[in-house]
Amino acid sequence: KQEVTQIPAALSVPEGENLVLNCSFTDSAIYNLQWFRQDPGKGLTSLLLIQSSQREQTSGRLNASLDKSSGRSTLYIAASQPGDSATYLCVVGSSNTGKLIFGQGTTLQVKP
Amino acid sequence: DGGITQSPKYLFRKEGQNVTLSCEQNLNHDAMYWYRQDPGQGLRLIYYSQIVNDFQKGDIAEGYSVSREKKESFPLTVTSAQKNPTAFYLCASSIMNTGELFFGEGSRLTVL
Chain Z
1 KQEVTQIPAA LSVPEGENLV LNCSFTDSAI YNLQWFRQDP GKGLTSLLLI QSSQREQTSG
61 RLNASLDKSS GRSTLYIAAS QPGDSATYLC VVGSSNTGKL IFGQGTTLQV KP
Chain U
1 DGGITQSPKY LFRKEGQNVT LSCEQNLNHD AMYWYRQDPG QGLRLIYYSQ IVNDFQKGDI
61 AEGYSVSREK KESFPLTVTS AQKNPTAFYL CASSIMNTGE LFFGEGSRLT VL
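Chains Z and U supply the protein sequences, listed in that same order.
Residue 1 is where the first sequence starts when you use this note's numbering, and the numbers rise one by one after that.
Residue 1 is where the second sequence starts when you use this note's numbering, and the numbers rise one by one after that.
No wet-lab data here; the hints were simulated from the structure.
Each hint should be verified, as a subset may be incorrect.
[Stated by the list, open to error] Quick list of in silico lysine-lysine cross-link-like pairs, PhoX-like style, CA-CA up to 25 angstroms:
1) Z:K99 x U:K71
2) Z:K111 x Z:K42
3) Z:K99 x Z:K42
4) U:K83 x U:K14
5) Z:K99 x U:K70
6) U:K57 x U:K71
7) U:K83 x U:K70
8) U:K14 x U:K70
9) Z:K68 x Z:K1
10) U:K14 x U:K71
11) U:K57 x Z:K99
12) U:K71 x Z:K1
13) U:K57 x U:K83
14) Z:K99 x Z:K1
15) U:K83 x U:K9
16) U:K14 x Z:K99
17) U:K9 x Z:K111
18) U:K9 x U:K71
Modelling step: build the complete structure from the supplied sequences, incorporating the hints.
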C-alpha cells in the first residue's frame, strides 16, 4: 500500500532563507508527483508537476526534484518570503492502483 | 478564465437536511473528484468520476451521493445519513494524459 509522508509537519524560518520540504513515498511505482500549496480556508494551488520520467521541475523560486528509486521528492524554495507562508502538500499518483495519495502537508511560516 | 468553481463557499445546515454542493469546471477535463478535509487530517476521497454518467466510490462515500450528467458538472449531495458532515469540501479535476490535478476554492459546510 502506497504511503506518503511529509516531514516536518511544521517549519518556521526567517525571511530570505533557502529551505527544503520533503516528501517520501513507500512504493516507487508512481506515474507522477505533484506539489501544491494551500492557504488557510482556501483550495489547493498547483505548484509543480513531475512526471515519472522526469527528475525535476522548476518554476520561479521553486524547484522540485524526484528520485523514484529512493522514494523521495524535495521542494526547494529559494529566498523565502512571508508570502510563502502556507501549507505545502505533495500528491503521488500510484501506477499500480491509479489512485492519488496525499501527504499530510508541511505548514511553513516565514517570519519577516 | 478556465478553472473550477465551487458554490456556495459557506453553507449552514440543520441536522437531518440534505444539502448539495456545486462543482463546475470549464477546463474540458474528463475526470472529476470530491475530497473532504478535516482539521489536522489529510484529504480523503469521497467520490470520483472519469467519464460522464459514470462515477465510483472513494474511501469515505457513505452518506454522500453524486451525479455526472454533464462533463462540466459534478455535484455532491451530503445526505442526512452522513454522521459528521461538518467539514471543508474540495472539488478537483484532472487532465487524463498527464494526470495533473486542479482544485476549486472549496465549500465549508457547518451543521448546526
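Given hint K1 (chain Z) paired with K99 (chain Z) - CA-CA distance at most 25 angstroms | With a Cα-Cα distance of about 11 angstroms, the restraint between K99 (chain Z) and K1 (chain Z) holds, given a limit of 25 angstroms.
Proposed proximity, K71 (chain U) with K9 (chain U) (alpha carbon, max 25 angstroms) = holds, 22 angstroms
Are the Cα atoms of K83 (chain U) and K14 (chain U) separated by 25 angstroms or less?
-> Measuring from Cα to Cα gives roughly 13 angstroms; hence the hint holds.
Please work out if K83 (chain U) and K70 (chain U) have their alpha carbons no farther apart than 25 angstroms.
-> The hint is violated at about 29 angstroms.
Under the criterion that the straight-line Cα-Cα distance not exceed 25 angstroms, is the pair K83 (chain U), K9 (chain U) satisfied?
-> holds, 21 angstroms
Are the Cα atoms of K14 (chain U) and K99 (chain Z) separated by 25 angstroms or less?
-> The hint is violated at about 34 angstroms.
Restraint check for K71 (chain U) with K1 (chain Z), where alpha carbons must lie at most 25 angstroms apart = violated, 31 angstroms
Would the pair K14 (chain U) and K71 (chain U) pass a check requiring their Cα atoms to be no farther apart than 25 angstroms?
-> violated, 31 angstroms
Is the Cα-Cα distance between K68 (chain Z) and K1 (chain Z) 25 angstroms or less?
-> Answer holds: K68 (chain Z) to K1 (chain Z) is near 16 angstroms, not above 25 angstroms.
Is the Cα-Cα distance between K57 (chain U) and K99 (chain Z) 25 angstroms or less?
-> Holds, at about 12 angstroms.
Straight-line alpha-carbon gap K99 (chain Z) to K42 (chain Z), limit 25 angstroms = Holds: K99 (chain Z) and K42 (chain Z) sit about 23 angstroms apart, inside 25 angstroms.
Is the straight-line distance between the alpha-carbon of K99 (chain Z) and that of K71 (chain U) 25 angstroms or less?
-> holds, 21 angstroms
Going through the hint list in order, the structure does not satisfy hints 7, 8, 10, 12, 16, 17.
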